[in-house]
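Residue numbers (the numbering used here), protein chains in the order written: chain A, 1 to 289; chain B, 290 to 671.
Because the hints were derived from the structure by calculation, they are not lab data.
Ideal Cβ positions, reconstructed from N, Cα and C, are used throughout, including at glycine.
Fair warning: there could be bad hints in the mix.
Covered stretches of chain B (chain A as the covering partner; in silico rule of three or more C-beta atoms under 8 Å from a C-beta of chain A) [stated by the list, open to error]:
# : segment
1 : 424-434
2 : 531-545
3 : 653-666
Cβ pair distances, simulated, as ranges [claimed, not checked]:
#  : chain 1 : residue 1 : chain 2 : residue 2 : range
4  : B       : Glu669    : A       : Pro199    : 52 to 60 Å
5  : A       : Ala58     : B       : Ser453    : 54 to 62 Å
6  : A       : Gly42     : B       : Pro438    : 22 to 30 Å
7  : A       : Lys243    : B       : Trp443    : 33 to 41 Å
8  : A       : Thr275    : B       : Arg310    : 53 to 61 Å
9  : B       : Asp368    : A       : Gln167    : 44 to 52 Å
10 : B       : Arg421    : A       : Thr56     : 48 to 56 Å
11 : B       : Pro438    : A       : Thr253    : 46 to 54 Å
12 : A       : Pro199    : B       : Asp396    : 32 to 40 Å
13 : A       : Gly7      : B       : Asp423    : 53 to 61 Å
14 : A       : Arg114    : B       : Arg421    : 29 to 37 Å
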Amino acid sequence: MSILVDGGTRLVVQGITGREGAFHATRNKAYGTNVVAGVTPGKAGQSVDGIPVFNTVADAVGETDANTAMVFVPPRFATDALYEAIESGVDLIICITEGIPAHDMMRVYTHLRRGDQTLVGPNCPGVISPGKATVGIMPTQVFQPGRVGLVSRSGTLTYQISKELAQVGIGQSTVVGIGGDPVVGSSFIDILGRFEADPETDLVVMVGEIGGSEEEKAADFIASTMSTPVVGYIAGFQAPPGKQMGHAGAIITGSSGTAQGKKEALEAQGVRVATNPTEVAQLVKEQIG
Amino acid sequence: MDLYEYQGKELLARLGIPVPRGEVAATPAEARAAAERIGGRVVVKAQVQIGGRGKAGGIKLADTPEEAEARAAEIIGMDIRGHTVHRVWVEEASDIAREYYASVTFDRGEKKPLVMLSAAGGMDIEEVAATRPDELARLHVDPLTGFQPHHARWLAFHAGIDESAMRGVADVLARAYDGFVADDLMLLEINPLILTADGAVMALDAKVTVDNNSLYRHPDLAALRDVEAADPQEQMAAERGVTYVKLDGDVGILGNGAGLVMSTLDVVALAGGRPANFLDAGGGSKADEVVTALEVLLSDPKVRVLLINIFGGITRGDEVAEGLLTAIDRLGTSIPIVVRLDGTNEEEGRHIIAERAPSNVVVEQTMLSAAERAVALAKEAA
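Produce the entire structure from the sequences given, and follow the hints as far as they go.
Below is the structure:
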């Protein structure tokens with residue numbers, strides 16, 4: 001098994017005719033993901049690498065039975081694209097777009113949580129279940145099939161850690177980039193819960209960073225609910241307070257949201273926290289040999 | 290993006306929230322002229338984006354325009370916890386009967402707006418929350434249904450607002466919430482919100498933070514960004530759209546992806562070095578973007594060595610390598626540059642650098658070895 005994406009994924013790509021949308025939709029397809037449709041208003045009838053393009057997500061879902069949508073449209077159109085995806089009835093929405101206003105995401109999040117659809121992102125690199133399917137922008141060559149789950153707020157740091165894992169011969173069941181924004185559809189807890197329920201995930205690596213309190217909440221969840229072991233890593237020890245470190249969500253507010261505080265919260269619940277990406281792989285290796 | 294008090298008060302006035310009459314002044318003479326127009330007793334307030342102005346001597350009363358000029362002369366140029374005062378806000382002095390606290394904030398944990406109200410205004414609200422939590426009324430708002438009059442009543446009753454101020458405070462809360470949503474604010478804080486001796490409710494201070502991601506739809510607010518307050522590199526980065534934060538070390542850092550750059554800073558520190566900055570060249574870094582990023586880094590005279598740590602997702606290694614070569618060629622820098630390149634098209638990228646880069650550029654295979662090399666080179670250059 002794996003979580004979120006696999007051989008049953010039927011993907012519709014919103015924004016497929018844009019430069020990046022076309023590039024990554026094509027790459028996702030080449031990896032083996034079943035990319036069944038693309039959407040760009042006014043471009044129905046065209047195709048991108050053999051993927052049929054529709055005017056609306058509803059049309060695409062109606063024609064192709066897509067169950068997963070990837071949003072690849074610019075921030076000022078992304079909120080509309082998210083509502084369109086939600087209304088199309090797909091089970092899972094993965095939003096790559098960076099730069100969506102927080103108020104828009106508060107409304108989308110509140111609306112979404114009243115139903116049972118899942119959103120991953122925004123401002124995320126996507127989800128990959130190595131050997132099965134990838135949805136997003138991750139460089140697939142750094143991942144290999146295995147039994148370690150990985151959940152992260154960062155894209156490139158996730159690739160780095162996956163590469164470190166590969167070097168000690170460890171692959172992944174699924175890698176989930178939950179996104180670097182202050183409001184994201186799926187939290188650490190949501191994804192940890194899915195890994196806990198996955199019989200083919202033996203350990204989870206959780207990659208956090210400064211800002212907010214989701215890592216602290218995850219520490220409590222791990223202690224109270226999880227039997228699957230977790231190894232942590234937190235980025236941003238050198239970050240000064242009050243400065244936004246790239247991600248909209250990576251900011252220390254007053255004395256809250258520091259890397260040290262998150263590390264201590266995890267360690268207090270018995271989670272080992274690595275000091276650098278290489279050490280993550282070492283700790284994983286020690287725990288599952 | 291944080292606003293200055295005077296910008297915040299202009300925003301409040303636009304929302305229909307009463308504020309004392311006032312004017313911004315950049316020189317003592319302007320402060321005097323402002324005081325003359327306002328008439329009577331005025332308050333001269335330093336405009337800096339940091340708390341504790343009063344204690345630092347940045348807020349002073351003046352009974353006459355001459356006094357206002359003198360007070361402004363004392364305050365302008367003052368350093369308040371690392372922030373130089375460039376302007377003062379001159380406003381009519383208020384006759385304060387009661388001081389309240391009101392705010393609308395974005396609560397990250399709940400992913401909802403949070404409205405807070407207290408009758409214990411004029412002091413540090415985090416301290417009130419910690420020591421007298423019963424005196425701080427807090428209410429989360431459903432962002433889809435919004436702030437309703439009954440919310441304002443609930444808050445006012447629970448905060449123990451004086452009966453004579455109820456209607457005015459409720460009106461301020463409703464307008465503040467509307468502005469919070471309409472202007473895409475992350476924080477709108479009024480501390481103190483006062484009740485005057487003659488029964489008016491008025492905002493005596495304003496702390497406003499705007500969501501950077503929303504600035505594209507608020508050109509009026511985007512125009513308020515104060516580039517002159519930033520240090521030279523941060524100013525240059527802001528003008529060129531580079532995500533940059535100045536630190537105080539000598540190892541200049543360029544990476545892609547916020548998490549990886551933060552991790553790179555941590556690894557450099559663990560290797561015994563001191564990062565000079567955070568710079569995220571972005572997921573889609575192209576040659577021109579790398580050139581711009583390097584120009585910002587190299588303009589910092591404290592930088593002794595550059596560490597470039599790229600892991601390609603959207604960014605393709607060959608494009609980064611081309612950008613790097615172009616930048617080095619264009620800038621003619623001779624300082625040591627340590628490059629670590631991985632991910633999409635990594636082989637092509639490494640090949641391009643190995644073939645064509647000048648001798649001050651060295652390639653390392655891993656992040657840790659790259660950090661160690663950069664730190665060693667920085668120490669050699671010191």
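Margin query: Hint compliance check: list the failing hint numbers for this structure, sorted ascending.
Written below: 6, 11
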